[in-house]
Amino acid sequence: MRYVKTVHLKEHIRPAQYFYSLHLVPFRKVSSKRLNIEGTIYNLWSFPKIKKKDYLAAFPLEKIDHFIVLEYTDPYQYLTLSSKKVYNLDDFKMETRRMEYIFDQWNYSEME
1 MRYVKTVHLK
11 EHIRPAQYFY
21 SLHLVPFRKV
31 SSKRLNIEGT
41 IYNLWSFPKI
51 KKKDYLAAFP
61 LEKIDHFIVL
71 EYTDPYQYLT
81 LSSKKVYNLD
91 DFKMETRRME
101 YIFDQWNYSE
111 ME
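Just so we're aligned: 71 in the working numbering is position 71 of the sequence shown, and the numbers increase by one with no gaps anywhere.
Think of the hints as simulated: they come from the structure by calculation, not from any bench. There could be a bad hint or two in this list.
[What the hints assert, rightly or not] Here are the simulated lysine-lysine pairs, DSS-like style, with alpha carbons at most 27 Å apart:
1. 49 / 5
2. 10 / 63
3. 84 / 5
4. 10 / 29
5. 29 / 63
6. 33 / 85
7. 84 / 29
8. 84 / 33
[Stated by the list, open to error] Simulated DEER-style distance windows between Cβ atoms:
9. 26 / 88: 29 to 37 Å
10. 86 / 21: 26 to 34 Å
11. 40 / 17: 31 to 39 Å
12. 80 / 11: 16 to 24 Å
13. 65 / 4: 28 to 36 Å
Yeah, the Cβ is synthetic: ideal placement off N, Cα and C, and Gly gets one too.
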């Protein structure tokens, strides 16, 4: 996983309200696993792909005045994260993309 940025919100807002306000539907809570990142407990949320990249939003459980955007390389990569460890933002470094899309393998000259 790779840390992309921290988004600071102007007001406290619930994750569902935020996603609806930007028309980012469907969205969902990724799992019940909670992550401790630099002393704040977060839930992970997924939303539709943006420019073929996969992102997660980590919203704090309390005082939701910001969220962290993470890019991931494997759809189940978050399962390897431990809910008992305290992570630093530096711990989220990008790995090479492990999944290939079916259209990456198509040879368009054969289709003509």
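Hints, one by one, checked against the model:
| no. | hint | verdict |
| --- | --- | --- |
| 1 | 49 / 5 | 17 Å, holds |
| 2 | 10 / 63 | 12 Å, holds |
| 3 | 84 / 5 | 23 Å, holds |
| 4 | 10 / 29 | 22 Å, holds |
| 5 | 29 / 63 | 18 Å, holds |
| 6 | 33 / 85 | 12 Å, holds |
| 7 | 84 / 29 | 19 Å, holds |
| 8 | 84 / 33 | 10 Å, holds |
| 9 | 26 / 88: 29 to 37 Å | 31 Å, holds |
| 10 | 86 / 21: 26 to 34 Å | 31 Å, holds |
| 11 | 40 / 17: 31 to 39 Å | 20 Å, violated |
| 12 | 80 / 11: 16 to 24 Å | 34 Å, violated |
| 13 | 65 / 4: 28 to 36 Å | 18 Å, violated |
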